[in-house]
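Peer 1: Given next are the chains, with one letter for each unit.
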Amino acid sequence: MELDQYARLRSPIHSWDARWKFIALVPLIFVCAAVKQAPGLLCAALVSLAMVIISRLPIRHVLKILKGPFYFIIIMTPVLMLTSGGERLVSWEMISVYRSGLFIAARLAIKALSIMLLFICLFATARLQESMKAMEFFKLPSILLSLLFFTYRYIFLYLEELGKLLTAARLRGYTLLRGLKSLQSTVSILVTLLIRSYEQSERVYAAMRLRGYTGTFPTLCRFKTQASDVLKTSLLLSLSVLIVYMEVL
Amino acid sequence: MHIPDGVLDIKFIAGGFAAAAGLTTLALKKVKRDDIPRLAVMGAFFFVSSLIHFKVGITSVHLTSIGLMGVILGIPSILAILTGLFFQAVMFQHGGISTLGINTVIFGLPALLVYGAFLPLAKKWKNRPFCLSLAGGILAGLTILTAAGLILLIIRFSGDEFTGIAFVFSTAHGMLALVEGVITFFMLRRLLKIKPEMIYAYKTSPLESSG
Chain A
1 MELDQYARLR
11 SPIHSWDARW
21 KFIALVPLIF
31 VCAAVKQAPG
41 LLCAALVSLA
51 MVIISRLPIR
61 HVLKILKGPF
71 YFIIIMTPVL
81 MLTSGGERLV
91 SWEMISVYRS
101 GLFIAARLAI
111 KALSIMLLFI
121 CLFATARLQE
131 SMKAMEFFKL
141 PSILLSLLFF
151 TYRYIFLYLE
161 ELGKLLTAAR
171 LRGYTLLRGL
181 KSLQSTVSIL
191 VTLLIRSYEQ
201 SERVYAAMRL
211 RGYTGTFPTL
221 CRFKTQASDV
231 LKTSLLLSLS
241 VLIVYMEVL
Chain B
1 MHIPDGVLDI
11 KFIAGGFAAA
21 AGLTTLALKK
31 VKRDDIPRLA
41 VMGAFFFVSS
51 LIHFKVGITS
61 VHLTSIGLMG
71 VILGIPSILA
81 ILTGLFFQAV
91 MFQHGGISTL
101 GINTVIFGLP
111 ALLVYGAFLP
121 LAKKWKNRPF
131 CLSLAGGILA
141 GLTILTAAGL
151 ILLIIRFSGD
161 EFTGIAFVFS
171 TAHGMLALVE
181 GVITFFMLRR
191 LLKIKPEMIY
201 AYKTSPLESS
211 G
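Note that the protein sequences, when read in sequence, are chains A and B. The working numbering puts the first residue of the first sequence at 1, with every later residue one more than the last. The working numbering puts the first residue of the second sequence at 1, with every later residue one more than the last.
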């Protein structure tokens, strides 16, 4: 589940300076979110797919990430076909199935999957510290960065605690999360989880302060721009411009 | 409960980020460095509580904890919501990346409204935990309805094609509002008994004194 578990692989995307990667991929993500016409959508999909292939991220990992959006689209498609309006495919009394629903669902799928693939390329191909250092370079407030870092750590802490609490509850015979009847036991677990993690976080923070934490994260990561970084970023930015041009045409 | 990638028009995406940046700047002004652990804990709680699903009839709803965030954190809850949503999107693909800004506004505004309504009540009913928890529960239920209303409104103005689907999903949130309200009520009851300083924290900490 770690964001950067494949950050140590070797590929042209992994070796790309994180700052230049941000400059190239963030605009491209927004271009993917903006396109509506078929040629632009196709181009966006191809670029994002190529990026993932070049990054050499394990296919199983990528598919696992895409499972959520994929299920969402599967659920959305029939609802869109019933509610989108436009040209009717089939009509039965009050219910109509619309052709445009299918096109809208396809557009939604391509946009959502392209954005997600590009985002995987951005965050899964560099260590989190490296990505955060790049965000710091772009003047993201240090409090927000610290908050991101702490939240990431606490998520794992919470998941571990939740696992322990659920096991303990199960062994005592509770059936959790199976409807409103088990509300009280669920509330107990949530409150325990909240208080335990809250107290633990305060202890951890106090220990960090005692060891000299001042709000900045010293990392060994040093950025160094190389010609290949500029080249990769220029190529991706040109592709973004091309997709926008195809959209405007 | 979130607006996913690919649904909104770019104008709304840009507007969402601009509004979220405004709210984030406001929240950052209210925060001191020592508040970070508390905010991070709530951000992580927001993330983890969304994994807890309740089967209600044929459907299933998950908690959001927006009301609780507003009650415990006040204005800085925006920051915890932003980070929680970011990790939901990148770790579980729940929500969207391009819609992170607008989703922060959709969840953040109701959390601020809860804070605004809860703060005077917390002062007035300091010795009446039942009334305070009940008010918190009702407010938490209302946050879901407000967020669902905001989603419906934004999608309606962004384009016609998703209005039908947004309506279907928004109406399904009536049940979530009820579940969220009841759970927040029970949670506040417990928290006020076990660790009241968590609820009243923002009255004495830098979170409150600076705001």
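The set of hints was computed from the structure by calculation and includes no laboratory data. Here a beta-carbon is modelled for each residue, glycine too, at the ideal position from N, C-alpha and C. A few of these clues could be false.
[To be verified] A short, non-exhaustive set of chain B residues, derived as facing chain A with CB atoms under 10 Å:
{"hint": "1", "residue": "Phe47"}
{"hint": "2", "residue": "Ile97"}
{"hint": "3", "residue": "Lys123"}
{"hint": "4", "residue": "Asn127"}
{"hint": "5", "residue": "Thr163"}
Peer 1: State for each hint whether it applies.
Peer 2: Going down the list of hints, with the structure as the test:
1. Phe47: For B/Phe47, the interface hint holds, since the closest Cβ of chain A sits about 5 Å away, which is under 10 Å.
2. Ile97: This hint holds: B/Ile97 lies near chain A, its Cβ roughly 5 Å from the closest one there, short of 10 Å.
3. Lys123: violated (23 Å)
4. Asn127: violated (21 Å)
5. Thr163: holds (8 Å)
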